[in-house]
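Visitor: Residue numbers (our numbering), protein chains in the order written: chain H, 596 to 883; chain A, 62 to 350.
Read the hints as simulated data drawn from the structure, not as lab findings.
Even glycine gets a Cβ: it sits at the ideal position worked out from N, Cα and C.
Please note: incorrect hints may appear among the correct ones.
Here are a few chain H residues that face chain A, going by a calculated C-beta distance under 8 Å [to be verified]:
(1) 635
(2) 654
(3) 672
(4) 687
(5) 697
(6) 729
(7) 731
(8) 766
(9) 793
(10) 839
(11) 845
(12) 846
(13) 858
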Amino acid sequence: MKELVVISGKGGTGKTSILAAFAALATGKVLCDADVDAADLHLIMNPQVRERHDFDSGHTAIINQDKCTQCGLCRGLCRWKAIDEDFVVDPVACEGCGVCHYFCPEEAISFPLKTCGEWFISNTRFGPMAHARLGIAEENSGKLVTLIRQQGKKLAEENNLDLLLTDGPPGIGCPVIASLGGSTAVLIVAEPTVSGRHDMERVAELAAFFKVPAMVCVNKFDLNPEQAQAIEDFSRERNIRVMGRIPFDPVFTKAMVQGKTIFEYDGDSEGAGAVRNIWENLAKAMEI
Amino acid sequence: MIISIASGKGGTGKTTVATNLAVSLESNVQLLDCDVEEPNGHLFIHPTMDGVRTVSTPVPEVDAGKCTLCGKCGEICQYKAIVVIGETVLPFHELCHSCGGCMEVCPEKAITEVGRELGVVEFGYRNGLEFVHGRLRVGEAMSPPLIRKVREYTQSRMQTIIDAPPGTSCPVIAAMKGADFVLLVTEPTPFGLHDLKLAVGAVRILGIPCGLIINRSDMGDDQARIYAQEEGIPVLMEIPFDRLIAEAYSRGQMIVEVMPEWKEKFLNLYHQIEHIVSHGRKDEAGLLR
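Use the sequences and the hints to build the structure in full.
Guide: If you want it as structure tokens, here you go:
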């Protein structure tokens, strides 16, 4: 089984729109939305949820005021300043380390498991899909990303499909690291701006750090052809294969507003042609 | 006053708003770029950098001579970052959250702390504007401790503008917590709106008043405006799509540099925020709904 993960470093470069378009072109695949923090792929895929599961991960400390003698030991130990003068734990600040719970001489601190999100197995018009929703202000996004990718693989095995198309999160931190480990390749969707280039270079470095082969495409290249060229030159120097360019085309936004892929909205558009070309290059490069 | 600029969805224009607002204020202002995974503010501010500090987080080191392999450290650790395997105790520094529990629980006092490098904080200035950002080390997973380090540079005598990372989980919370106002930047598309709702949820958990900027305001649909009205979130500015702005951005130029008339609009934005914060009109900012 092969897995292509679409990442970008910078947010808003077009990862999800492009991945949705690939979904319309690829045959025999499972879709996976690993951007659990701000998942958007479902807005195009309109999934029919088949299974819904809680995502339980991490704990939060809760102080039982009846047992608490306000000795202050927990406040001294807590490195997150999560316990206030009235010995109430701020659940947002609590890191779930359990140190206060372990040391409380009155056993006044409980430490229940948290439900910090949910995940789904769904059907879409393009095939099965694994996706999730991390609770707002929650932690453990990396763990949920890992879980959702495992579920995606399982779905593929059960359905005898051998391609996983994964929509990754922005950035280079915990959820991104969780989304690229063990994948066949990543496609970096770059934007030809000073920030797009800066962020693309950092995420390319991250892929190299974890030894995942990287490929690149430049979206909205005509906004600044010199920057587009600079991104492609940088990529070639680093053995990152250049898959193609996509022009700035308002058709992407129009398709999104209607909950469609660009091929369903206007398959003859310039943008659609460019994405088709990139997909052909990708399929060749990944031998799919 | 601390204004944190957030969005949920990435690429909606947080950095554009943060940098333009900061330079419009000119003096007695600091910009803290807390998008430490992908900091971009410096590419537009072009600050003169005059300092750098390495930031590390404490992780355990075990003195094998003192350790009796009792396993208490592994028991208390919630992150599987220290385990006893056979005749050795193995710390996994990259999994460690720096809670200090293992060191505290060790009956032999065999554990001390050393630093794991998270990244750097760099600082500089541009005329009267103070600039600080964090850069997460590539390969490092945990950004919140670095974000908190950047925020330690907050000076109460100054106006503080924070450029937050995208998303709605722990890094964003670290960049919003304790702010006086959260300025949300969205684009009027289904993705923008969906992620905006999540960001509003996070702002409300923290109990901070908020307002909205709609960027590329003529490029999608009306849903963001309708949502803002329903939720009682004031729309403080709209920035239409303009190829001139997009191209200037691509070169590292701010709106106020290519269209100086926007400076007045950003100052006006600031005064509106000041007004909301000083009047504490929570219902106007949509906090109580």
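Visitor: Please go over all the hints and tell whether each is borne out by the structure.
Guide: To see whether the hints hold, each was checked on the structure:
Taking 8 Å as the C-beta contact cut-off toward chain A, the hint placing residue 635 of chain H at the interface holds, the least distance being around 4 Å. With a cut of 8 Å, the hint placing residue 654 of chain H at the interface with chain A holds, because the nearest CB-to-CB distance is about 7 Å. At about 6 Å, the closest approach between the beta carbon of residue 672 of chain H and any beta carbon in chain A falls short of 8 Å, and the interface hint on this residue holds. Taking 8 Å as the C-beta cut-off, the interface hint given for residue 687 of chain H holds, the closest approach to chain A being about 6 Å.
The beta carbon of residue 697 of chain H is positioned within 8 Å of a beta carbon in chain A (closest approach about 5 Å), and the interface hint is therefore held. The interface hint given for residue 729 of chain H is met, as the beta carbon of that residue sits about 6 Å from the closest beta carbon of chain A, less than 8 Å. Because the beta carbon of residue 731 of chain H sits about 4 Å from the nearest beta carbon in chain A, less than 8 Å, this interface hint is met. Given the 8 Å rule on beta carbons, the hint for residue 766 of chain H holds: about 4 Å separates it from the nearest Cβ of chain A.
The closest approach between the C-beta of residue 793 of chain H and any C-beta of chain A is roughly 6 Å, which is under the 8 Å cut-off, so the hint is satisfied. Given the 8 Å rule on beta carbons, the hint for residue 839 of chain H is violated: about 19 Å separates it from the nearest Cβ of chain A. Taken as an interface hint, residue 845 of chain H checks out: its beta carbon lies about 7 Å from the nearest beta carbon of chain A, inside 8 Å. With a least beta-carbon distance of about 12 Å to chain A, the hint placing residue 846 of chain H at the interface is violated under the 8 Å criterion.
Using the Cβ-Cβ criterion of 8 Å, the hint placing residue 858 of chain H at the interface with chain A is not satisfied: the shortest such distance is roughly 18 Å.
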